[in-house]
Each structure stands twice: as C-alpha cells, then as structure tokens.
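Asks: Single-letter residue listing:
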Amino acid sequence: MYKVDVFVVLKPGVLDPKGEAVKKSLNVMGYEGVNEVRIGKFIEVWLDAESREDALRQAEKMSKELLANPVIEDYRVKIVEGE
Amino acid sequence: MRFGIVVFPGSNCDADCYYVIKDVMHEEAFYVWHKERDLSSFDAVILPGGFSYGDYLRAGAIARFSPVMSAVKEFADKGGLVIGICNGFQILLEAGLLPGAMLRNKSLKFICDQVHLKVSRTDTPFTHLFSEGEVIKIPIAHGEGNYYCDPETLESLKSNRQIIFTYSSPEGLEDEEYNPNGSIANIAGIINKKGNVLGMMPHPERCSEAVLGGTDGFKVFASMINWAKEASR
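Here the protein sequences line up with chains Z and G, keeping their order.
With my numbering as the guide, the letters of the first sequence map in order to residues 48 to 130.
With my numbering as the guide, the letters of the second sequence map in order to residues 428 to 660.
Chain G on its own, in the form it takes in the complex (with noise of 0.2 Å):
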C-alpha cells in the first residue's frame, strides 16, 4: 500500500509517520512536499502533526492553502484514506474538510502526556481492527486542541457516528475530568460523513511500537491497511 506523507513548511511528525509506516507496518511511504498538487498514486494519505506555517495566525490557517491541499480534497472526494494527526487534523479543519475548529486549550497549557481515548465506532477504515468500546493509550501533544463546534454541527456529529474517538478514564468514562483540553463532548477524533477522512489530536505514530510504551497507535495504521487490501480483493 502507498502511503504520501505531506510536508509543510514547519511539519515534526512527519519523519515518524514514515518511518512506522515502512519500517513497522512494511509498506510503502512517500514524503510529499506541500508544493506538489497530485496524489493519485497513492492509496492513503498522511497530514502529519507539526506547527505548519509556525501556526501563524491560526494552526492550520496558512496550510490550507498549499497547492497540495487541492489534491488531498480530490483525493479525499474520490475516496481516499486520509488522515490528519494533530496539526494535521488542525489543517482539515481550517480546509473544511472535517467540521468544527481548535481553540486554545482549556488551561492554557502546551499538554505532553498520555491520554485515555474511547473506540467509539469500529466500522471505518481506521478503527475496524479495534474492539467496539476499546480503551486505548495514546500520546498527545498539543496547545491547540480543544475541539468546538457550535450545538447544529454537534447534533450532526452523534447522529451521524462521526465521532470515533472520546478522551476518557483508563475504564472508559467520558467525563469532564479526563479531558485534558475541554473539547466538546471530549472529542479527540472525528470523521467525515463519507467515512474516508478521519482527523486526530492524539498520535498513533507515536504509539506503534512496544518500545515505545505502547502498540495502541499500530491498530490505526494496520486498519488502513488491511481495509485497503479487504477493498483491492
């Protein structure tokens, strides 16, 4: 499977979404500079975490206008994975292509730590190799990640299904105490309608190896994987 990883000016994670792909899942990965504005051979594509632009004006504000990110919205109606990790998920916001937008965390604070999210929905490509309820571990790294959108859009979102990760207690409470950025609703990660574009604060690439103090991130990517191979037979 060949996975394009996007590289913005300022872009952090992108080095580590590589490498887990081709050296811990094994399969294809393309670094793909923003000024690039054709993805069509790939099978998935990666909006990597960072702080794109410096995060000048808004995170994600300035790299939604990178000539690639015409492309990812191609790509995306066609049907393609994507997926945006934390400044990643910041730039589909700004792009529209997911719904909603980042405030400045509750308590003002850049949070570096390790966070308890609720699998809430297992029939999409990036989630379909979770238990239904699963909780996973996972790091997040962020100052902008306090999710809002107004009261229409949340409605739409929960009848819809397309809140796929909650941040809640090891047990898998979703309570306002185990929410480290007061997202509405504890949101850490959505999905478009369409069910191809998923966007996260909290990064899997950073949790794909035992190594690192968890496998819980591999599940997404080897999702992927395995959808598109499901897909391809």
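Just chain Z, same shape as in the assembly (with noise of 0.2 Å):
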C-alpha cells in the first residue's frame, strides 16, 4: 500500500475570497507583513498499486479527474510511504 499527498491549490489568477479575508485578519492582528494567502486542500490518499510509479499514475489520474478541477485549480502528487 502506497500513501500519496495531494496539494490542489487555486491557479494563479484566480480570485481566492477565502484566502483575502484571512490574510486581512493576519494583517489585523498585526502580521502586517503579509501579503498575500492563498488557500488550497491537502487530501491524504491510501492505495494499493502494483509499483511506486502505478501509484503516482493511479493519483495523478483521480486528482485531474476528481480531486482538482483542472478550470480553476493546480495540483500536484507525492508519494510519501510505501513500499
């Protein structure tokens, strides 16, 4: 069994309204270095594959057809344990 970590983070560009309003509390509470948040999904993936290449195929492939919206979002697999 493989572990795979996705990170699916909005494409540059595109309006992040969840990412501003954090970053204008940052800035409240005084982090008034910060300029910019942008805010992305981490989903840990369990699965069974024949090779660590099989794996990085299996979740490259649910990543752009379910995990990330290729229209407004970036993603990007690693696999993290297994054997």
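Read the hints as simulated data drawn from the structure, not as lab findings.
Treat the hints with care, as some may be off.
Computed beta-carbon distance windows for the label pairs [claimed, not checked]:
no., chain 1, residue 1, chain 2, residue 2, range
1, G, R464, Z, L113, 56 to 66 Å
2, G, K505, Z, G60, 52 to 62 Å
3, G, G437, Z, V69, 24 to 34 Å
4, Z, V127, G, V562, 48 to 58 Å
5, Z, D52, G, A637, 48 to 58 Å
6, G, P494, Z, G129, 28 to 38 Å
Straight-line distance between alpha carbons at most 20 Å, and here's what the computed SDA-like set of lysine to any residue pairs gives [what the hints assert, rightly or not]:
no., chain 1, residue 1, chain 2, residue 2
7, G, K564, G, Y483
8, Z, K88, G, L535
9, G, K564, G, P578
10, Z, K111, G, K564
11, G, K533, Z, S72
12, G, K620, G, P578
13, G, K585, G, L535
14, G, K533, Z, K111
15, G, K533, Z, V56
16, Z, K58, G, L535
17, Z, K58, G, Q541
18, Z, K88, G, G570
If you want a taste of the chain G side facing chain Z, the calculated C-beta under 10 Å gives, among others [stated by the list, open to error]:
no., residue
19, A442
20, Y446
21, L530
Every residue, glycine too, gets a C-beta built ideally from N, C-alpha and C.
Fit the two chains together into the complex; they arrive one by one in their own frames, and the hints show the way.
Replies: And the structure:
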C-alpha cells in the first residue's frame, strides 16, 4: 500500500475570497508583512498499487478527474510512504 | 411534455420543480433517482438545486459521477433539453457539459435574495417567450455562484452568444454594483453552443406563481414547453 499526498491549489489569477479574508485578519492581528494568502486543499490517499510509478499514475489520474478541477485548480502529488 | 427531475442525495429544490411542472405548468413530471441510467422517455431534464453530496470537495464534483450523469450527457448529445438550476448548474460545469467553474461568492456570504437579470437572447428554447433585453426579477440562494472561466473561454462565450442571463440593475445596467457574487462579466446563466443545455444560478421555480411574489421564472418553463410543442408539430 502506498500513501500519496495530494495538494490542490487555486491557479494563479483565480480569485480566492477565503484567502483574502484570512490575509486581512492576519494583517489586523499585526502581521503587517503578510501580502497574500491562498487557501488550497491537502488530501491524503492510501491506495493499492503495483509499483511506485503505478501509484503515482493513479494519483495523477484521480487528481485530474475528481480531486482538482483543472478549470480553476492546479495540483501536485507526492508519494510519501510505501514499499 | 414529460419532464424528468433528477434527484441526487442532497437535492432540495426537486419538489419545487416537480410542483411547478405538474401543478403550475400542467405537464408531466417524474422524479429520477440519480442511480437511473436511462432518460430516453423524457422530453426535458431538470437538474435541481440543493447540496448534492453535501457539496463535499467542490459543489457538484461528486454528483457528476452519479450514474444518471452519463444518461444526461447522452440525452444532451441527442439534442434533449437540459436545464441545471443552482446546484444543477454547478453539476453541469463539473461534468463539462458547460464551460467554466464556480468559486466561492466574493463576499464569502451565502446570499439569499432577489436580483435582477437581463435576458440577452430570446432565440433559445429556454428564453424565447421573453423579449430581447428584458429585465426580470428572480431569487438567488447560493454560496458558490461566483462564475469563473479563463479569458479565452469568456471570449468564446461572448462570440458564440452563450451568455443568456446577466446580473443587472432594474433598468438593465450590467454593472459591478449589481453583481451579487463576483461572477465574471456578471454571468448568471449560460447555454451550450448547440443551445439545448442551460445552466443558471437563479431559481425560476421559486418565482413561477404570483403568490410567491413574481412570475418571471414561469416564462423559462413555458418557453421550454412551447418550444417542444413547436418542434413536434
């Protein structure tokens, strides 16, 4: 079994109202040097795969199909555990 | 005319649509559970509003993999009329039946309000009973209705005349001031190139009777019914 970490982030230029609200809050708290905050998703997936490459291929495919929406989001996958 | 109203786990405007089709429009309405795979007996399909699958991951992201969605695609490919309202619009976007995606409202608030829309095209099955440039008043209720697409897609939507409804002032001014959610180009509803699949965030089924404060939504369904009757003649 492999464990894959999937990071989903909004594409550059896509408005992130949640990130904007958090940024403003940080500024109000005194973190005046915070210029931008973008909020994405971190998804952990445990899966069966024949090999590391297979696990990566599966994770890429599921990211493209469901975990991220390619219209607004970019993703990257990383195998973190497995034989 | 036979309307199929798709019910996903978490749909909550299905009963309103059913009521409008059956008791207001006096046409045939049927609920279609999302596990169904055949829509061939219907003349039109409605994807209603709600929170399919709790909007987990992204609004509409999981619903698009329901078995019925392959049937919706097939139905649309054959030219059948499909209207996605609110969550139904989000599902159509996720399924790729319409271009673009929805973001969280710019204000971060869930907005439940009455807004004005400008009807920019009247040669479609969904809008031909409106007059060109008519401004209608219609309810919205969503947290993720901030329509987004890249600049190329926006250009293609414009040049193919796919933008059907835009948020506007009561006089029809499409200004940022009258944009409730931050949608690009004030977009409230778009149609596919072929003209048989419409997605809109506002709720026509919530303003189809005078007792509910307005009847502008009535014309959307009446247009569809009228169009189908003309086509079968």
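Asks: For a quick check of understanding: which of the numbered hints are violated here, in increasing order?
Replies: 1, 2, 7, 9, 10, 13, 14, 17, 19, 20
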